[in-house]
Structure formats: structure tokens, C-alpha cells
Amino acid sequence: MSHYYLFHDEKKCISCRACQVQCKINKGLGVGPKPNQVIDVGPVKMDGRPRATYVFMSCFHCEKPWCLAACPSGAIQKRSSDGIIFIDQELCVGCKSCIIACPWSAPQWDMNKEIAVKCDYCKDRIDTGLKPACVTACPTDCLIFDTADHIPDAKRIRYAKDIFSGKTMK
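Quick note: the sequence shown uses our numbering, first residue 491, plus one each step.
It should be emphasised that the hints constitute simulated quantities derived from the structure, not laboratory data.
All residues carry an ideal CB built from backbone N, CA and C; glycine is no exception.
Any given hint could be a false lead.
Stated by the list, open to error - No more than 25 angstroms apart at the CA atoms, straight line, and that leaves these computed lysine-lysine pairs for DSS-like:
#, residue 1, residue 2
1, K517, K568
2, K524, K621
3, K568, K554
4, K502, K524
5, K524, K568
6, K514, K586
7, K651, K501
8, K502, K603
9, K517, K535
10, K517, K651
As the list claims (entries may be wrong) - Restraint-style ranges between C-beta atoms, simulated for each label pair:
#, residue 1, residue 2, range
11, K535, G564, 45 to 55 angstroms
12, G584, R539, 43 to 53 angstroms
13, S563, I529, 43 to 53 angstroms
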């Protein structure tokens, strides 16, 4: 797994899809590929009432990524420094092997560029000390990006706040 983790707090998400839009802008993508996406689920019962909930999906940056193993050109690579899986667009031959291999549909086909694209946690932004574009665009701060060892703390803090405010799921 990557040293980083992108946590989605589904209780704060309003499905505005600002994360999707900002990702596309940051990567220069048009209609079609969605390196990250918000999926509507529900309704589910919360506090005794039906409520829609949302799931954020992007690349999991697997420890042993099937997409990397399937890529014949070496375009899909894993950074040794932090485990981020990315596609070197110069090496991608457009064979779609990575798209077929990934059980999570993380690599997506960009029909304009005729190459595969995927979430790379905006590695160029991370390298300059910034957060991924999707995280900075979220108006409700439901996306938390940090090192994997800090995310459990964020989850505990959220749960503690929910308990004290009486907002636990029922």
C-alpha cells in the first residue's frame, strides 16, 4: 500500500462532486475518464430516518497492483519512496491491459489522449507540499489526505465527536 491514504468521511459528503471536477481540471481531462468518483448509495437508515450516503472511489495504490503486473510497456510504475502507483503517459501504448486487470476500475480510458489515466494522489502536488486537488476542492472537508499511520487518528476523532454529539449510525 501507499504510505499515503485518502480517507472519505461519508457523513460529511454531500455528493457535490467538486472532487471529481477538480481532479479532471488538474489532470486536463475531458468527458469520460474519472480517476476518482462519488457513488450514491442508499438510502440507508441514520438516526431512524432514511438518508442517502455516498462512497468516494479512487485508486487504492495496492501493495501488489494487478494493473502494474498487466502493463506490457512499463507505463504503470510504483514510486519506491512512497508507494504511489502512477502511469507514465509517455510510455503508455493504449493497450488497456491495466483497465482490464484492475478489479476496482481505477485506471480509466481517456479517449482524447488514447491512453489510460488514474489517480496518482496528484504526486506532483504532493512533492511540492500540497494536498491532492480533490481534497482541496471539497467544501465540506470530507476528504482527508495524510500518511497511512495518521488516518486511524482522524477516524477516532470523528467517531468521538459523533458520540458526544449523538450522531452515531443506528
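Right, here's what the structure says about each hint:
| no. | hint | in the structure |
| --- | --- | --- |
| 1 | K517 <-> K568 | holds, 19 angstroms |
| 2 | K524 <-> K621 | holds, 19 angstroms |
| 3 | K568 <-> K554 | holds, 10 angstroms |
| 4 | K502 <-> K524 | holds, 21 angstroms |
| 5 | K524 <-> K568 | holds, 20 angstroms |
| 6 | K514 <-> K586 | holds, 20 angstroms |
| 7 | K651 <-> K501 | holds, 12 angstroms |
| 8 | K502 <-> K603 | violated, 35 angstroms |
| 9 | K517 <-> K535 | violated, 37 angstroms |
| 10 | K517 <-> K651 | violated, 35 angstroms |
| 11 | K535 <-> G564: 45 to 55 angstroms | holds, 48 angstroms |
| 12 | G584 <-> R539: 43 to 53 angstroms | holds, 48 angstroms |
| 13 | S563 <-> I529: 43 to 53 angstroms | violated, 30 angstroms |
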